[in-house]
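A.B. asks: Sequence lines, in order, name chains A and B.
In terms of this note's numbering, the first sequence opens at residue 1 and continues consecutively.
In terms of this note's numbering, the second sequence opens at residue 330 and continues consecutively.
Among the hints, a few may not be true.
Not the full set, but computed from the structure, chain A residues with beta-carbon under 8 Å of chain B [as the list claims (entries may be wrong)]:
1) Thr4
2) Trp14
3) Ala16
4) Leu52
5) Ser61
6) His69
7) His77
8) Tyr178
9) Gly197
10) Phe200
11) Ile255
12) Asn259
13) Arg261
14) Lys267
15) Val274
Computed footprint of chain A on chain B; a stretch qualifies when at least three of its residues, placed anywhere within it, have a C-beta under 8 Å from a C-beta of chain A [what the hints assert, rightly or not]:
16) 479–492
17) 522–536
If you are wondering where the hints come from, they were derived from the structure by calculation, not from laboratory data.
In this text, all values refer to a predicted model and were calculated from it rather than measured experimentally.
Note that beta-carbon positions come from the ideal geometry of N, C-alpha and C, so glycine has one too.
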Amino acid sequence: MRQTQFQQLYEASWSALEEILDSLESGRNGPKLPPESIRRLPSLYRDMCQHLALAQSRCYSTALIEKLHYLALRAHHQLYKREFRIGKRLLEFMVSDFPVTLRNHYRLFWLAFVLFFGPGILFGAVCYFNPDMIYAVVDDSSVAQMEYMYNPDADHQTGRQEGMENASRVSMFGFYVYNNTGIGFRTFAGGILAGLGTLFFLVLNGLVIGGIAGYLTELGYVDTFWGFVIGHGAFELVAIVISGMAGLLLGKAIIAPGNLRRIEALKRNAGQAVILISGAAGMFFTAALIEAFWSPLAIPAAIKFIVGAFLWLLVFFYLFLTGRNRDAA
Amino acid sequence: MTPQKLDTACTIETPEGIRLELYPAGPVARGAAWLIDSLIRIGLYIGLALVLGVLGATGTGILLVAVFLLEWFYPVYFELTKGATPGKSAFGMIVVHSNGTPIGWQASMIRNLLRTVDFLPLLYGFGLVSMLLNKRFQRLGDMAAGSLVVYKPAPREFAHIESVAITPPAGLLPREQQALINFAERTTRISESRTVELADHLASLTGEKGRQGVEKLLGYARWLASGR
Numbered sequence: 001m002r003q004t005q006f007q008q009l010y011e012a013s014w015s016a017l018e019e020i021l022d023s024l025e026s027g028r029n030g031p032k033l034p035p036e037s038i039r040r041l042p043s044l045y046r047d048m049c050q051h052l053a054l055a056q057s058r059c060y061s062t063a064l065i066e067k068l069h070y071l072a073l074r075a076h077h078q079l080y081k082r083e084f085r086i087g088k089r090l091l092e093f094m095v096s097d098f099p100v101t102l103r104n105h106y107r108l109f110w111l112a113f114v115l116f117f118g119p120g121i122l123f124g125a126v127c128y129f130n131p132d133m134i135y136a137v138v139d140d141s142s143v144a145q146m147e148y149m150y151n152p153d154a155d156h157q158t159g160r161q162e163g164m165e166n167a168s169r170v171s172m173f174g175f176y177v178y179n180n181t182g183i184g185f186r187t188f189a190g191g192i193l194a195g196l197g198t199l200f201f202l203v204l205n206g207l208v209i210g211g212i213a214g215y216l217t218e219l220g221y222v223d224t225f226w227g228f229v230i231g232h233g234a235f236e237l238v239a240i241v242i243s244g245m246a247g248l249l250l251g252k253a254i255i256a257p258g259n260l261r262r263i264e265a266l267k268r269n270a271g272q273a274v275i276l277i278s279g280a281a282g283m284f285f286t287a288a289l290i291e292a293f294w295s296p297l298a299i300p301a302a303i304k305f306i307v308g309a310f311l312w313l314l315v316f317f318y319l320f321l322t323g324r325n326r327d328a329a
Numbered sequence: 330m331t332p333q334k335l336d337t338a339c340t341i342e343t344p345e346g347i348r349l350e351l352y353p354a355g356p357v358a359r360g361a362a363w364l365i366d367s368l369i370r371i372g373l374y375i376g377l378a379l380v381l382g383v384l385g386a387t388g389t390g391i392l393l394v395a396v397f398l399l400e401w402f403y404p405v406y407f408e409l410t411k412g413a414t415p416g417k418s419a420f421g422m423i424v425v426h427s428n429g430t431p432i433g434w435q436a437s438m439i440r441n442l443l444r445t446v447d448f449l450p451l452l453y454g455f456g457l458v459s460m461l462l463n464k465r466f467q468r469l470g471d472m473a474a475g476s477l478v479v480y481k482p483a484p485r486e487f488a489h490i491e492s493v494a495i496t497p498p499a500g501l502l503p504r505e506q507q508a509l510i511n512f513a514e515r516t517t518r519i520s521e522s523r524t525v526e527l528a529d530h531l532a533s534l535t536g537e538k539g540r541q542g543v544e545k546l547l548g549y550a551r552w553l554a555s556g557r
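Excised from the complex, chain A in its bound form (with noise of 0.2 Å):
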């Protein structure tokens, strides 16, 4: 068959295939076909795919397979695509997705923890004892600067740096979400260099949290700073390791990728991986805003440590038993 009479043959459902896709492509501005045109995409699609194939073998001029081509690349897009709708799917993340992926990989949450928690507590203890060693890890003028913030005899605002003494809580909101959650999407990141960044990270800030903790307990500013601390650090600490726990998930893609090929292992890791860090990211938003509108308020310290301790309770809660309807499925 020549290829005029190919053409004459199948412009008809080429061009109702495009007067589909226009009307697709335009979504709300353009013009609305009936949803019986609009139902003949898939087989108009298939019959094309045909044409395409056919015009490739029997090498007709390129225009024309350019043309079925473009056609054909549409029309894949139009229809493989998948909607995204916000609301009922952030609720399913939060009760399902997150919880149930974090118990999936239980062994590196755990491995997380250990390598933020166990450095922290053994240098919070060694600073403590002695407290010089705190600035073997720490430089002088953060140092200077955390005991400023957490100072019991200050007459500024408890945890506030200095500078930021009358910024407004909801400042002080916008900065913790901006600063936190900026250090544990990098810790995340650092994964991907075969979990090294991800180790430095995790054991660095376990370190420098761990070393202050010790530092100013030793110093007595327990109240002040304890008590700060306990409410909100529940969400952020545990979102630290998450975020620590999604970069190992990459880092294992590619030290320990089993059976599959590196990049097939860090495809699907990669998955996984951002869920989790999905749902620290929600977690270091829920810690900002602890820590900017209930952590600094003036009450009496046993208030803010049994406030804290329920909060970690609620995290632990969270995470071990929410979904758990979904796991037994």
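Given the structure of chain A, go ahead and fit chain B onto it with the hints provided.
C.D. replies: Frame of chain A, contents of chain B only:
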């Protein structure tokens, strides 16, 4: 030994059994797109700072959250709604999964969160090395996400062959017939002298040179395409 084609096309086989060709974008174009996006982002930061500065302290809080969102999720938003950030769209690029489908939220998040690593040690060093070593110009974030940055396909204009049909010599292979029809359809897009230059290559086939050669080739093409 036939030389290998120097082609950046990457083929995807669809469930319908056809092969789709996509052309991934190289580091230079992507770098330029990134520059444009950075400028847009800086403009947005400045604009937001000016507007929210009016609201005082609360404004600063909102500004910080906005800066956080812009820094990490500016590309994600555009990739999910339009398929590519404004910088990439300016160069005609689009972000897709490696099977040709539009990018989803998981892949978009992965490729954008891993930007921090691609950016190391300085100005996308790791990302650049990765793109140069990868067959499909993927940076580290793209590899983990299974995504590609490809040029949005755009159809080209081709002429309709209007000449009188002349029967070509026998024994032309299908690929050669295709080449003749292609030549005829391209005449509107190339200059007259270039057309003559190309036709002169086939002087042995047509037995003519110059404009007469061109006319004869167009006649052959017409016969091959339509038969009369």
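A.B. asks: Hint by hint, say whether it matches the structure.
C.D. replies: Each hint tested on the structure:
1. Thr4: 4 Å, holds
2. Trp14: 12 Å, violated
3. Ala16: 17 Å, violated
4. Leu52: 5 Å, holds
5. Ser61: Where the cut-off is 8 Å and the nearest Cβ of chain B is about 4 Å from A/Ser61, the hint holds.
6. His69: 7 Å, holds
7. His77: 6 Å, holds
8. Tyr178: Holds: closest Cβ of chain B sits about 4 Å from A/Tyr178, inside 8 Å.
9. Gly197: Where the cut-off is 8 Å and the nearest Cβ of chain B is about 7 Å from A/Gly197, the hint holds.
10. Phe200: A/Phe200 check fails; min Cβ-Cβ to chain B is 12 Å, beyond 8 Å.
11. Ile255: Given a least distance of 15 Å, the restraint on A/Ile255 is violated.
12. Asn259: 18 Å, violated
13. Arg261: 11 Å, violated
14. Lys267: This interface hint holds because 5 Å falls under the 8 Å limit.
15. Val274: 5 Å, holds
16. 479–492: holds (count 5)
17. 522–536: n = 0 at 8 Å, threshold three: violated.
Checked against the numbered hints given earlier, this structure breaks hints 2, 3, 10, 11, 12, 13, 17; the rest are met.
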